[in-house]
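Asker: If you read the sequences in order, they're chains A and B. Position 333 (the first sequence) corresponds to 359 in my numbering; numbering is contiguous. Position 235 (the second sequence) corresponds to 261 in my numbering; numbering is contiguous.
Keep in mind the hints are simulated off the structure, nothing from the lab. Here the structure is a predicted model, which means the values were calculated and not measured. In this text, a Cβ means the ideal position worked out from N, Cα and C, and glycines have one as well. Among these hints, one or two may not hold up.
Under 7 Å between C-beta atoms, here's a sample of chain A residues computed to sit facing chain B [unchecked claim]:
1. Glu-132
2. Ile-133
3. Gln-227
4. Leu-228
5. Pro-248
6. Pro-250
7. His-252
8. Asn-381
9. Glu-470
10. Ile-477
Restricting the straight-line Cα-Cα distance to at most 27 Å, the calculated cross-link-like pairs of lysine-lysine (BS3-like) are [claimed, not checked]:
11. A:Lys-350 <-> A:Lys-300
12. A:Lys-418 <-> A:Lys-300
13. B:Lys-251 <-> B:Lys-81
14. A:Lys-459 <-> A:Lys-443
15. B:Lys-418 <-> B:Lys-372
16. B:Lys-81 <-> A:Lys-251
17. B:Lys-81 <-> A:Lys-241
18. A:Lys-443 <-> B:Lys-241
19. A:Lys-251 <-> A:Lys-366
2 protein chains.
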Amino acid sequence: MAVATFNRVTPKIVERLCNAVGGDCVLVDDDSLTLHASDETEDLVFRPDVVVVPKTAEAIADIMRIATEYRIPVTPRGAGTGLSGGALPVHGGIVLSTKGLNRILEIDRENLFAVVEPGVITQVFQEAVEAVGLFYPVDPASRGSCFLGGNLAECAGGPRAVKYGVTKDFVTGIEAVLPDGSLVRHGGKLLKNVTGYNLTQLIVGSEGTLAIITKIYLRLIPLPKHRILLLVPFNSLEEPARAVPAIMHAGVVPSVLEFMERDAVEITERHLGKSFPHADAVAHLMIELDGNDEGVIQREAERVAEIVLEHGAADVLVADTDAKMGELWAMRRAFGAAVKSESIYKEEDTVVPRNQLVALLIGVKEIASRYGLRTVCYGHAGDGNLHVNILKMDMPEERWKTALDPAIREIFALTVKLGGLISGEHGIGYVQKNYMPIASTEQELSLMRAIKHAFDPLGILNPGKLFPTTEDQKL
Amino acid sequence: MAVATFNRVTPKIVERLCNAVGGDCVLVDDDSLTLHASDETEDLVFRPDVVVVPKTAEAIADIMRIATEYRIPVTPRGAGTGLSGGALPVHGGIVLSTKGLNRILEIDRENLFAVVEPGVITQVFQEAVEAVGLFYPVDPASRGSCFLGGNLAECAGGPRAVKYGVTKDFVTGIEAVLPDGSLVRHGGKLLKNVTGYNLTQLIVGSEGTLAIITKIYLRLIPLPKHRILLLVPFNSLEEPARAVPAIMHAGVVPSVLEFMERDAVEITERHLGKSFPHADAVAHLMIELDGNDEGVIQREAERVAEIVLEHGAADVLVADTDAKMGELWAMRRAFGAAVKSESIYKEEDTVVPRNQLVALLIGVKEIASRYGLRTVCYGHAGDGNLHVNILKMDMPEERWKTALDPAIREIFALTVKLGGLISGEHGIGYVQKNYMPIASTEQELSLMRAIKHAFDPLGILNPGKLFPTTEDQKL
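Start from the sequences, fold in the hints, and give me the full structure.
Answerer: This is the structure we're talking about:
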């Protein structure tokens with residue numbers, strides 16, 4: 027694929043944008059450009075030429091028509107909480123923020139669906155549906171700030187995927203603007219639909235490279251009436267990893283099945299200034315059970331407790347009040363920020379079949395130790411999704427730079443060998459794109475490039491993402 | 027899009043196919059060609075030039091390379107139970123049967139996944155996983171003969187979609203052969219995966235027009251221990267349709283929520299020579315509840331009974347033994363065959379948000395009566411998926427031909443107006459393709475055509491399906 031040549035945003039183009047969407051929606055001041063030059067991914071900075079904040083799908087279509095006319099790259103941006111650099115304008119140009127499209131258009135209690143705009147904050151939406159007895163289980167750690175549109179773009183997962191699935195499993199329809207400014211719709215408030223190709227499922231998880239989502243149809247379920255959270259300390263890494271498939275094998279499907287190693291807990295205790303029960307345990311499982319019948323959940327919790335104790339658990343702590351559960355969740359959600367505050371780091375979002383978690387963990391530790399690197403691992407054990415944080419700490423810059431890439435390649439090669447892949451829920455984006463050939467053959471990448479071309483023949487939408495840098499781009 | 031020009035299969039090409047995949051896998055005898063000229067769709071017949079029955083993905087790749095070289099159309103075929111003509115070789119050429127790839131490769135009880143080939147019969151698979159305490163809930167009426175590969179191609183639904191979802195919701199990975207013979211893989215035994223575009227979800231439901239599926243990864247769940255089936259007669263069409271959203275609204279999610287009008291029941295009684303309780307009721311709901319706790323299900327059944335009685339139910343019959351449930355299911359599964367035996371017919375697979383079912387039903391009856399057509403409606407009320415069977419009966423041929431197309435157009439226009447679409451689970455295929463413009467704009471169809479082109483630039487894979495016939499194709 028040839029490298030697209032882009033133009034810079036000129037004052038004339040800024041004027042065109044202002045005429046199209048209104049001057050108050052077009053930002054060129056230094057603060058705005060700086061704010062939109064980074065997301066939550068490492069410490070990367072790419073300054074856009076202009077930031078636009080449209081309020082309607084029609085305004086987005088106008089922006090895309092201008093971008094098409096002048097060959098200007100456009101990087102869509104939700105709340106900027108992504109961890110793979112999806113919202114970084116690596117080729118400059120226009121950052122298109124969806125924060126102006128932030129309405130919950132409908133919560134339909136008869137059909138158990140919601141219709142929302144992409145700029146709605148995930149937690150705001152969760153609370154709105156819970157207020158009417160419904161449930162949207164997708165629960166990314168950044169839910170307090172991330173947008174549903176970004177969740178769709180990355181196919182966000184989170185801890186409840188083990189029972190309920192990820193973002194894609196709740197999206198039944200979308201409206202989106204294509205790079206040429208045309209508006210397409212697919213699906214709706216429908217559980218079944220085979221009317222043409224599944225554009226919804228192709229666009230979900232496409233990291234803003236195919237289309238800009240402007241309206242979202244989400245399936246909802248009744249809110250489970252009861253929940254119990256168990257915290258289970260272990261004195262080895264292997265025991266909890268082995269307990270996970272045993273729980274599933276017993277026919278219990280927890281709503282959450284999280285794994286965390288000691289370092290993650292310790293770093294977070296330091297970061298928050300709070301203490302965690304059994305913080306000295308080598309690893310913990312955090313297991314949530316939910317449902318409508320308290321007795322059933324109690325019995326399931328007892329069964330889970332038996333299984334983890336058979337697998338070497340040191341204790342089983344029960345959080346059965348909202349306050350106790352809230353404390354544990356606050357701790358769990360702070361892991362990412364805590365690691366970030368500890369050291370320069372690089373996070374890999376590995377995913378394997380859940381019974382391969384032991385092999386992955388042991389392999390990661392062995393690889394890291396060979397390169398003299400420290401790793402902190404935690405993640406969603408129930409779905410085999412392990413976040414491997416590689417910390418620089420006080421390693422000299424030169425050694426860090428030399429060690430990091432081959433260590434990551436070894437970790438990803440192991441992941442693939444175990445039947446897994448290189449991103450479970452964070453996306454490939456900018457920071458993982460050159461590892462794609464570890465997971466995908468040249469034929470698979472060619473097919474994905476052809477799909478990209480079908481949507482975006484000029485390559486103006488979120489360029490520099492997902493596909494590995496080619497030889498000529500390196501020059 | 028220009029019309030593809032295809033070549034006929036010559037004796038030389040048959041020889042090439044025999045050399046590539048073995049002479050016993052290449053059929054040119056009259057019986058084989060006749061057998062593969064039709065599927066379960068109406069009374070349509072399109073004779074292929076040759077039928078190939080490969081046993082491996084590599085053999086399929088060889089066939090596709092030969093087809094590419096000679097520009098021969100290839101129509102993939104599962105068990106031929108489809109209802110939209112997806113397996114009809116409308117341009118002749120090669121019918122590629124997947125019945126030789128019929129192994130259950132693995133049922134992985136630790137990870138709750140199965141790996142299968144496309145030619146496995148759905149019921150054989152269901153029974154194999156149930157034998158080890160697991161559950162694959164997708165349950166098309168043709169489960170006794172249809173193949174999992176065909177279920178994927180059409181994204182088969184069935185009665186349990188209301189609680190568990192449709193085929194796409196259980197497929198986490200595939201291996202497939204592209205039209206040029208290259209083999210691609212996507213996903214695996216993974217609940218989370220955002221490593222590149224979601225090729226799995228794009229290929230599922232693409233009706234064999236993008237790739238030939240050769241291996242399937244299916245998510246499984248623990249088998250619910252208990253089930254109750256309720257049969258609820260009503261004396262109007264509106265009452266049961268109104269009861270459906272009320273049940274969901276009460277927080278109960280049945281595993282099955284079927285609707286059937288009197289004519290469907292009567293035709294089936296005649297067809298099977300059996301009688302149905304309350305056969306004279308205007309309509310029935312068939313409601314299944316499942317779960318692991320018998321007490322919980324009993325309480326849910328009582329709640330459902332209250333709701334349907336509040337909504338005018340004439341009675342609530344309980345089937346709580348396997349035998350009683352089996353009888354009702356046998357009856358329900360025979361609807362399609364019974365309608366077929368009654369008259370020449372045309373079936374439309376409408377889907378609307380579930381609370382629009384009343385409006386759809388009333389509208390269908392009104393439209394049909396204006397055209398003097400008889401309709402028999404039944405389907406999956408829980409997910410708004412209504413099968414509208416239009417019966418010719420003794421209508422003169424000329425009048426039937428004149429009335430049918432405009433009546434269908436009106437029914438589909440109503441469906442779309444109600445927030446629905448023109449196929450819920452049968453696919454567009456050959457028989458609905460010219461109605462696609464009712465559901466999709468020219469821009470949406472162009473995008474789908476571009477996706478098709480990305481996979482199949484020569485247009486050799488299952489041509490004549492899904493996309494409306496263009497003006498030049500009509501000449």
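Asker: The structure should be examined with respect to each hint, and the outcome stated for every one.
Answerer: Verification of the supplied hints:
1. Glu-132: 11 Å, violated
2. Ile-133: Given a least distance of 12 Å, the restraint on A:Ile-133 is violated.
3. Gln-227: 3 Å, holds
4. Leu-228: For A:Leu-228, the interface hint holds, since the closest Cβ of chain B sits about 5 Å away, which is under 7 Å.
5. Pro-248: This hint holds: A:Pro-248 lies near chain B, its Cβ roughly 4 Å from the closest one there, short of 7 Å.
6. Pro-250: Violated. Min distance 10 Å.
7. His-252: With Cβ-Cβ at 12 Å, over 7 Å, it is violated.
8. Asn-381: 4 Å, holds
9. Glu-470: Status holds, d = 5 Å.
10. Ile-477: 5 Å, holds
11. A:Lys-350 <-> A:Lys-300: 14 Å, holds
12. A:Lys-418 <-> A:Lys-300: 24 Å, holds
13. B:Lys-251 <-> B:Lys-81: 37 Å, violated
14. A:Lys-459 <-> A:Lys-443: 19 Å, holds
15. B:Lys-418 <-> B:Lys-372: Roughly 8 Å between the alpha carbons, so the hint for B:Lys-418 and B:Lys-372 holds.
16. B:Lys-81 <-> A:Lys-251: 50 Å, violated
17. B:Lys-81 <-> A:Lys-241: 44 Å, violated
18. A:Lys-443 <-> B:Lys-241: Within the cut-off at roughly 18 Å; holds.
19. A:Lys-251 <-> A:Lys-366: Answer violated: A:Lys-251 to A:Lys-366 is near 36 Å, above 27 Å.
Against the hints set out earlier in the document, violations occur for numbers 1, 2, 6, 7, 13, 16, 17 and 19.
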